[in-house]
Amino acid sequence: MSMISLEAVSKWYDSFKVLDACTTAIERGEVVVICGPSGSGKSTLIKCINALEPFQQGTILVDGISVGDPQTNLARLRARVGMVFQHFELFPHLSVLANLNLAQVKVLGRTRDVASERSLALLDRVGLRDQAAKFPAQLSGGQQQRVAIARALSMDPIAMLFDEPTSALDPEMIVEVLDVMSTLAQEGMTMLCVTHEMGFARRVANRVIFMDHGTIVEDVAKDAFFDDPSARTARAQTFLSKILQH
Amino acid sequence: MNDLDLDVITRALPWLAQGLQYTVQLTCVAALGGTVLGTLLALARLSPRPIVAGLAASYVNLMRSVPLLLVIFWFYFLVPLGLQWLTSAENPPRVGAERSAYVTFILFEAAYFCEIVRAGIASVGAGQQAAARALGLDQAQVLVHVILPQAFRNMLPVLLTQAIILFQDVSLVSLLNVTDFVGAAGKIAQRDGRVVEMYLFVALVYLVLCSMTSALVRRWQRTHSIGQHPETAR
Ligand SMILES: Nc1ncnc2c1ncn2[C@@H]1O[C@H](COP(=O)(O)OP(=O)(O)OP(=O)(O)O)[C@@H](O)[C@H]1O
Ligand SMILES: [Mg+2]
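Heads up: the sequence lines are chains A and B, in that order.
For the first sequence, position 148 matches number 148 in the numbering used here, and the numbering has no gaps at all.
For the second sequence, position 177 matches number 1177 in the numbering used here, and the numbering has no gaps at all.
Rather than coming from a laboratory, the hints here were simulated on the basis of the structure.
Note that the structure is predicted; figures quoted are calculated from it, not measured.
Among the clues, some could well be false.
[To be verified] Calculated from the model, a selection of chain A residues having no Cβ within reach of chain B, i.e. all distances over 12 Å:
(1) S10
(2) Y13
(3) G29
(4) P37
(5) E53
(6) N99
(7) Q104
(8) D124
(9) A148
(10) D163
(11) E172
(12) T183
(13) T238
[Said to hold, decoys possible] Here are some chain B residues pointing at chain A (derived, C-beta under 7 Å):
(14) A1122
(15) S1123
(16) A1126
(17) G1127
(18) Q1128
(19) A1131
(20) L1135
(21) G1136
(22) D1138
(23) L1143
(24) P1149
(25) Q1150
Ideal Cβ positions, reconstructed from N, Cα and C, are used throughout, including at glycine.
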C-alpha cells in the first residue's frame, strides 16, 4: 500500500478549478519533488493531502485513511503528517522549545518532560540545541526553518510535506535547510516537496512531478526528468529551461 | 469669586478617595469583564454559523449606536427586572445604581472590546492557523494556544486606550447619584460651595492618571513593535 495516494482529485475555488483530476502515489520512503509555474496548484495539492483544504472530487488516502471521508478524525490525521511552510510559521510568542513541545503535549498527550527530551534531541539533530530557549524572532531565517522542520518531526510523522521551504531564504541559508532535508530523506522519511531547487531534486528525489494549470503534467523518475529532454513535454521543457537559467 | 481654598480638598480627601476607589474598581471590572465577553462576542462574530455571527453582530451594532447615557438609564431600570425574572421573585430586588453600573459597563464595553479583539485576531496571519492545525491541534487549541495570545499581544495598546476612555466614561454614573470620583467631588462642591476647587482637582487627577497610562502604552509600543520580542528589543 502506498503511503499517500491520490485518485482523480479535483478542487474548485468557487467556479475556478485549481486541481484537475490529479492522480499519483507516493510509496513508503520515497522522495517526490513537485515543481511547476506559480499558480499551478502545488500548494493546494499538498494542503489537500493533510486536509488543510477540502477537495470536491476524487480520493486521497494517507496510510490507508481516507482524507475526504467525513468520519475521519482530521486533527489526528494531520498530527501524523508533518508540514513545513515557506514562511516557517513558528509561533512567535513561544520559545523554540515551547514551539516543539506544544503539540506533543496537547495532541499526543506527552508529559512536558518527555516532550522536552524529544524536542532537545530533535533540535540537536538540526544543530540548534543551544537555541532552545530563544524566541523565533531572535533566529535567522535558516535557523527558523530548521526549527520548523524539527517541530514537524516532534510529532513522529509518517510522512513530511514541504511547501517551498527555501524560497523565502537568503542563498547562504538555503544550503543548511536542504542539508537537513537530505539527511531526513537518507534516513528513509517519506517526503513530498514543492521546491524549485533542482539541485536538491537531482541529488535527493526519486521522482519529479511537474504541474501546470492544476493538472499533473509529468510524473516521472528523476533521471528521466533531468536527463532525457525528449521524454519531456514542451511545457515542462520551457519551465525547466527558465528556472535552470537562474 | 474668592481665592482658591485648597483646604476644602484636603478635608475632602478621604471621601474623594472612596469615590476614586469606586471609579477605578468599576473601570477594572468593566475592562476585564468587557474583554472576556468581548472575546466571546468576537469569536461568535467569526463563527461559520450565520445565525450565531448575525446575533453577535446585531448586539455589537446596537450597543455601539446607542449613547452610553441611555444604556446606563436602561440598565438601571432593567437589571432589577431581569433579576426578578431570573429569580422569579415577587418584587424587583433593590440593586442600586452602584451595582447595576457593573452590569451596564461590562455589557456596553463588550461591544467595543469585541471589535478590538476581532481586529486583533485578524492581525494574526492565516499561516499561523494553518501551521497550528497542521500539527494536529483542534480548533479550540489553535485559538487558545496560538491565535489569542498573539492577538492580545498585538492589541494590548488599543485595549489600554479603550480602558482609558472607559475610565472617563465611568463618570457618567454620577448622573444616577452614584458616588464615583466625579460624584463625590460634586457632592462636596455643592455642600461647601467650592465648585471651582473641586472640579479643578478632579480634572488634575484625571489628567495625571490618564497621562501616566498613555505613557505606559507608548513605552510598551516602542519595545514591542511588530516582530520584536521583549528580549531583543532595545
Ligand atoms: N483561498 C483561495 N481562494 C481562491 N483562489 C485561490 C485560493 N488559494 C489559491 N487560489 C488560487 O488557486 C491557484 C493555485 O494556487 P496555489 O497556491 O496552489 O499555487 P502554487 O502552485 O502553489 O503557486 P506558487 O508557486 O505561487 O506558490 C492560484 O491561481 C491561486 O490564485
Ligand atoms: Mg505555493
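- Satisfaction of the Q1150(B) interface hint, Cβ to chain A closer than 7 Å: holds, 5 Å
- Message: Can you verify the interface hint for L1143(B): is its Cβ closer than 7 Å to any Cβ in chain A?
- Response: It is violated, given that the least Cβ distance between L1143(B) and chain A is near 12 Å, above 7 Å.
- Query: Once the closest CB in chain B is found, is it more than 12 Å from N99(A)?
  - Reply: The claim is violated: N99(A) sits with its nearest Cβ about 10 Å from chain B, within 12 Å.
- Hint validity - L1135(B) Cβ closer than 7 Å to any chain A Cβ: holds, 4 Å
- Item | No chain B beta carbon within 12 Å of S10(A)'s | holds, 22 Å
- Verify that the Cβ of A148(A) lies farther than 12 Å from every Cβ atom of chain B, and report whether the claim holds or is violated. violated, 8 Å
- Beyond 12 Å from every chain B Cβ - status for E172(A): Non-interface label stands for E172(A): nearest chain B Cβ at 21 Å, farther than 12 Å.
- Task: Measuring Cβ to Cβ, find out whether E53(A) lies farther than 12 Å from everything in chain B.
- Result: violated, 9 Å
- Closest C-beta approach of A1126(B) to chain A relative to 7 Å, hint status: Not OK, violated: A1126(B) not within 7 Å of chain A, min 10 Å.
- Query: Does the claim that G29(A) lies outside the interface with chain B hold up, using a Cβ gap greater than 12 Å?
  - Reply: holds, 22 Å
- Task: Report holds or violated for the interface hint on A1122(B), using the least CB-CB distance to chain A and a cut-off of 7 Å.
- Result: violated, 16 Å
- Item | Least C-beta distance between T183(A) and chain B, which was stated to exceed 12 Å | It holds; T183(A) is separated from chain B by about 22 Å at its closest Cβ, greater than 12 Å.
Violated hints, listed in ascending order, are 5, 6, 7, 9, 10, 14, 15, 16, 23; each of the other numbered hints is respected by the structure.
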